[in-house]
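Assemble the whole structure, with the sequences as input and the hints as a guide.
Read off the chains here:
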Amino acid sequence: MAKKVAFMQGNEAAAHGALYAGCNFFGGYPITPSTEVSEVLSIELPKIGGKFIQMEDEIGAMAACLGASLAGSKVLTSTSGPGLSLKQELIGYGCIAEIPCVVFNVMRGGPSTGMPTGPSQSDVMCAKWGTHGDHATIALMPASVQECYDMVAEAFNLSEKYRMPVHVLPDEIIAHMRERIEFREPGEIEIIPRKAPTVPPEQYKPYDTSFGDVPPLADFGSGYRFHVTGLNKMQDGFPTTKAEIVQAEEERQVRKVNACIDDIVTFEEYMLDDAEVVVVAYGSTSRSARYAVNVAREQGIKAGMFRIKTFWPFPDKQIKALAAKVKGFIIPEMNLGMCSIELERCAQGKVPVLGIFRVDGEPINPEQIVEKIKEVK
Amino acid sequence: MAFDYEKYLRPGKLPHIWCPGCGHGIVMKGLIRAMDTLKLDMKNTAIVSGIGCASRLPGYIDCCTLHTAHGRAAAFATGVKMAKPEMNVILCGGDGDGTAIGGNHFIHACRRNIDMTYIIMNNYIYGMTGGQFSPCTPTGHKASTTPYGNPDPGFDIAKLAIGAGATFVARGTAFHANQIDKLIVEAIQHKGFSVVEILDDCPTTYGRRNKYKSVIEMMNRLKEVAVPVKAAEKMTAEQLKGKVLTGVLYKEEKPEYTEEFAKVIERAKASK
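Read top to bottom, the protein sequences are chains A and B. Taking our numbering, I'd label the letters of the first sequence as residues 1 to 377. Taking our numbering, I'd label the letters of the second sequence as residues 1 to 272.
Hints are computed from structural coordinates only; laboratory data are not their basis. There may be inaccurate statements among the hints.
[Claimed, not checked] With a cut-off of at most 16 Å between alpha-carbon atoms, the simulated EDC-like pairs for lysine to aspartate or glutamate come out as follows:
id, chain 1, residue 1, chain 2, residue 2
1, A, 309, A, 262
2, B, 272, A, 236
3, B, 13, A, 236
4, B, 43, A, 219
5, A, 320, A, 371
6, B, 7, B, 36
7, A, 377, A, 276
8, A, 3, A, 273
9, A, 3, A, 188
10, A, 374, A, 276
11, B, 39, B, 186
12, B, 43, A, 202
13, A, 302, A, 371
14, A, 205, B, 62
15, A, 161, A, 263
16, B, 269, A, 185
17, A, 317, A, 262
18, A, 47, B, 266
19, B, 7, A, 202
20, A, 195, A, 219
21, B, 263, A, 44
22, A, 302, A, 375
23, A, 325, A, 262
24, A, 47, B, 260
25, B, 182, B, 6
Here is the structure:
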C-alpha cells in the first residue's frame, strides 16, 4: 500500500507526529506562531477519545499536562518564546518530579513579545537554562516538515524513556513552511512506552533507583498510591533536606541523560569526509548552509556541514573530533551567537569559530554563508 | 468507638509541620472524616495542593497526592481530572496560594465547573514565609510586610468563587470542627466545582502581630463572627455587621466539564 502523503506545514506535521506517538492529551494556550498545533489537535484528539484543553494561561497549560501525564496520559503542549518563559516554572517541576511531557516551542523573535511572526533561533539557551536549578535537558531541532513529525514522535519516546520534559525547537520558518511529508506506518518508528512498576503497590517507590537511574512511574488511579512534590525528595517521593540524599538525587537526574548521550544525540554529516571548513547549522538555517556548501564546493573549497539535530545534550564529542582536523567552523544562527558559545567551548581555541548572527526576522541566506566560508584561511 | 484516623494516614509521616494552635490539622481531620463517610476509594482519589503550610496536607494522607508549585494546584488537578474523570480529585491550600498567585487557575476552574472539590484554608496570611499579608488579610491589620497596617482591601473567597461560576460554595471555620466534614461531604457529592472555605487561624505569624493573646482567643473570634446562613436570614443588617456567614452559601446544577468534554468526543467521533 502506498504511504499516506500530505502537503502541510511544520506545526500541522508536529500534531500528527504526536498522534503517531500515542499522544492522548494536549494542554495549551494560544500563541503565535505555534497555534496550528493546538488547532489540529482540537480536531483530531477527540476523534480518538483523547483530551484537549485550552487553559487560562501558559503556566496552567503546562500544569494540566503534568497532571494528566501523572494520570497516565502522553502529553504535548505547544508554545513560543513568551510562553516558554512562563512555562519554565513547571518545566522545572517536570524535571525534579520526573514527569514525561513534550514541549513543542516555535522560536520567534525576543526577548519579551519581540517579533511574534518573525523567525528566530533564540530559545536554544532558554530551553537549557530557562528554569532554575540543575537539571538535564533534551532538545531536538527539526529542519523540515517531515522532521517536525518524526522528531515530535521521537521526543515522546525520549520523554518516556528518560522520564522528563523534552523540547522540540523548530524556528518559525520550519513551523510555517509547507512541504510534502510521509505519514509513518505503524511500527516504522518504534514507540517506547512508559516503564511501569513491576512491584506491588505496597512496595512501590516513585524514585526507586534499584531499577536504575530512570525509576518506573506508576499512573495515578492505577492502584498505586504515592506522593509527588517539587521539593527535593527521597526515593519514596517525600521531601527531604538530608544533604547526601539531595546531592545523590540531583546528580542522578542529570546523569540519567549524560550517561546516555551517545544514545540520544543525533546529527547529520554532509560532505565532511575531506572538509576543511565546517558549517555547523541547525533548523531552517541548515537549509541555507547545505546550499552554501554546494556552492563552495563548486568553487573548489572543501566545505561541509555538521547539522545539529539534537541540540541538548550538545554533540560535544563530534564537534571536538572535527575541531582536531578542520581549519575552522562557521556558525550561522538566528540569534546573537548562542550555539557559537557551545562551539567555542568544544573547539577549545584550536580553530576559529566564525559567526553569522541575524536577529532581524530575516532568514540567513546562502550567499552570506559562502562569503564567510571564504574567510577561513 | 473513637474514629480511626490512622487508617487514612501514611505511616511514619507524623508529626506534621504545623505549629501548635494552627487549625490546619482540624481541617485535615475533617477531610478524613468526610472521606470515610463517603467511603472514597483511596486508590482512586487524588489530593492536589500548591505551596504553603496548608498545601502540606496531602503528604499525610494515603492516596495519590500531588504537591505542586505555588498556586498551580487547580491547573494540575484539572489535568488529572481530564485524564481520569473517574478519579475523585480534591484540592487544598491556603488563601495566598489559591487567591493570589493561583487566582487565575482558581477562577477558571470555577468557570469550567469541573468536578473537583477545593478546600481553602483561609488564615489571612502567608504563614510559611513568615507572615506577609495575603489578598485575604483584613484592611488595617498587621503583617510582616504591612508594619503600618494593611492598605489593601481583601477578597471574599466565597463571593469570588460564586462570581467565577463555582456551583457549590460553602464556608466553615476551624472552630466549628464538626461542621467541616459535613460541608466537605456535601461538596464532594456535588457534581461540579465545589469550594469549601475554612476560616482558619495562624497564631504564629498573624495572631501575635494582631494582638491576639492566645490561640483560644483566635478560636473564640472564629466562634463569634460565624453566623449560619439560616440564622442570618432572621438577623438585621446591623446585627450582621462584622459577621461572616457559614454553611452552604451557594448551590446550583450546571453542566459539568468532563461530562461536556465526553460529549465533544462523541461529536468528534460521529464526524469522522
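Violations among the numbered hints: 2, 5, 8, 16, 23 and 25
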